[in-house]
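First to last, the sequence lines map onto chains A and B. In case it helps, this note's numbering puts the first sequence at residues 1 to 449. In case it helps, this note's numbering puts the second sequence at residues 1001 to 1332.
Keep in mind the hints are simulated off the structure, nothing from the lab. Cβ coordinates follow ideal geometry from the N, Cα and C atoms, glycine included. A couple of the hints might just be wrong.
[To be verified] Listed next, with one range per pair, are the computed distances between beta-carbon atoms:
| id | chain 1 | residue 1 | chain 2 | residue 2 | range |
| --- | --- | --- | --- | --- | --- |
| 1 | A | K430 | B | K1173 | 45 to 53 Å |
| 2 | B | Y1141 | A | T29 | 53 to 61 Å |
| 3 | A | E66 | B | E1272 | 25 to 33 Å |
| 4 | A | P364 | B | K1173 | 49 to 57 Å |
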Amino acid sequence: MAINILMPALSPTMEEGNLSKWLVAEGDTVKSGDVMCEIETDKATMEFEAVDEGIIGKIVVPEGSEGVKVNAVIAVLIEEGESVDDVAEPIAASAIVTAAAEPVVAESVSAVVVEQDLPEGTTFKSTTVREAICDAMSEEMRRNPDVFLMGEEVAEYQGAYKISQGMLDEFGEKRVIDTPITEHGFTGLAVGAAFAGLSPIVEFMTWNFAMQAIDQIINSAAKTRYMSGGQMTCPIVFRGANGAAARVGAQHSHDYATWYAQVPGLKVVMPYSASDYKGLMKSAIRDPNPVVVLENEMLYGRSFDVPEIEDYTVPIGKARIWRQGDDVTIVSFGIGMQYALAAADKLAEEGISAEVIDLRSLRPMDTETVVKSVMKTNRCVTVEEGFPVASIGGHISATLMQEAFDYLDAPVINLAGKDVPMPYAANLEKLALVTTEEVISSVKSVTYR
Amino acid sequence: MAAAKTRKKSNVSKEELLGFYREMLLIRRFEEKAGQLYGMGQIGGFCHLYIGQEAIVVGLESNTIEGDQRITSYRDHGHMLACGMDPKGVMAELTGRIGGYSRGKGGSMHMFSNEKKFYGGNGIVGAQVPIGAGLAFANKYRGNNNVSFAYFGDGAANQGQVYETYNMASLWKLPCIFVIENNQYAMGTSLQRASSTPDLYTRGEAFGIPGEAVDGMDVLAVKAAGAKALDHCRAGNGPYILEMNTYRYRGHSMSDPAKYRTREEVQKVREERDPIDHIRDMLLTGKHSTEDDLKAIDKAIKKTVTEAADYAIASPEPELSELWTDIYAEAE
Ligand SMILES: Cc1ncc(C[n+]2csc(CCOP(=O)(O)OP(=O)(O)O)c2C)c(N)n1
Ligand SMILES: [Mg+2]
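Could you build all of it, start to finish, from the sequences and the hints given here?
And the structure:
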């Protein structure tokens, strides 16, 4: 019986890809394990192997095709003695019930209403978050020979999420270092190197794995300055993907924003846009203190305009107002901004004007900007993906109670991820995360609409 | 106590060979199907296939008795099938459905079975090793005769907690077999690039734990080594290390571009060392089975796997209320 070969999903986040090359031709016999074609995803070019034995009866999608949707029929495999014409209709891919990953986050459409303080005539370049992080690290490594990058798969593999692509080539193996899988060990080692005056950048493949190393981050990196009466310095950056990706389950989806934001001696940033990734990463590398950079895998491939300014930095500890408004203040950071901005767009259509603040830095936190905004709007909704207990939003609420109590016209609502370990099932995962709809209904609730 | 390399084979009957053939083939076909379902978007997130390593779990499970426990990493489908878990329940967990072993909440990396004493499915590299020793601790505490198997990879062998565990396991003579599945790579990093010494089975020497290197592509060698290790543990002599030399044919997970090794390298292992072909040849050359006999087995296994896939797709997603269940156990 003929078998349809379908465009495969080759990563947790892939929805379409390019069919760059066919390595087999019509009439060729293939067996399980033979490479049939090369497929380009947003992360890499991958070889696609045959699972079944048979003869390539027809190539449906020619090589060089771009944007081929996952599950589209790309070729038909037939058995000996069969011909493609025997196959009346290619067996529909629709025979497969897809519970397939709908994008967990919707595309942000929100225009940046408020520009940052940039010199007149600044031009912008569309840059992915992935490129912005790589550019920031590379620029700083060119500037300062004491900066180096270490972590699992950062060098030869070019980064598990392709963040350090090309860096081994440029800086060599002395400065771009593959470590064994031994987080507690290499984190402590990097802290020692920082005490000795170097400026390490430690990549955790994801922050979930930094739980193996958290003692060195907190007890050694964060506290030593104080314990030494100001003698010791620990200029180090800890960075990597944080929070939920797509269906990777409870152990790989933890958001650590509040964990690190709680610790004196650390600085913590959690950017949303590529320009902030770039500017904050550069500031983090230059900072004489340990800085935790919480990145997000779902944002790595997203493009934003990044100012074409030489040596572009963003100060740690300053929030950014993305959108001005009068009716309500929405405070978020990291991927939460996605929902905040999308909600603000929709609310604008309904005549509700939301001011959207991106905290960017969680420690130190620019609560001043939030308080000022709430004094104007008198209402506030906070949005984050982490757990609701002892959350960043909870801290914002407490601050508003103390500093803007008389200005509040409604209780502050804190939106967060649900108070459960992240489930794997597609429908439950969706439910566990914050949604744009929740932001909209919360805003309506605090504005009594 | 010197660690020694042995490649001894046991005397095997036709029935035993056929059993090995069936069990290894089930894992292989199951994994191929899982790869296919991933490509179709039915399975999400991470999915790590066990193809190439089948002989290890099949050989070791052949000596176990009721009550022995096992724990491993995220590359866990083979372990579950080999200890007798139902292919339908495993596949339905891969698709995130209510019929899965974790009711859809765990996924490929996180499945468990109280009944089969399978304790996961751990996504954190190395974390299963002390837990495996803890299972052995419970055996010793209760004074039963059971042994626990803690499986981990060559990459995991560099985690500090492995050595903390070795020390305690030896100090307290815990009945634990540490099975290092050395498939030569940790993601894109070869053993040589990550380990100061390549012979992982010798790393227990400093703690007084005997170790042995085994051809992990030869199910008979695995079985023989496992029997010896089990005897050692059941006799109350403490832990044992088995380093299984093996190879993973597929990428680390589904999204691995695999630029760190050549296609020829993979092909050579497939052609020369494949654990299933090896037993197949023994069955045919020993005149135990005919091509037709084996074809009939292949067909039956294909059917089992197809049924598992059908079940995994037909089983419904969990009810939304499931989001809020299973967070805490109720006090009895
Ligand atoms: C503590 C921790 N660090 C990093 C990772 C990411 N990671 C997952 S698997 C893997 C490689 C492990 O290789 P190995 O132990 O050889 O097992 P194999 O995958 O070859 O079975 C890495 C680095 C993780 N899951 N947990
Ligand atoms: Mg390995």
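Results for each hint:
1. Look at K430 of chain A against K1173 of chain B: about 49 Å separates their beta carbons, and that is inside 45 to 53 Å.
2. At roughly 58 Å, the beta-carbon separation of Y1141 of chain B and T29 of chain A lies within the given 53 to 61 Å, and the hint holds.
3. Evaluation of the 25 to 33 Å hint for E66 of chain A and E1272 of chain B yields a failure: the beta carbon distance comes to about 39 Å.
4. Remark: the range hint 49 to 57 Å for P364 of chain A to K1173 of chain B is upheld by a beta-carbon distance near 52 Å.
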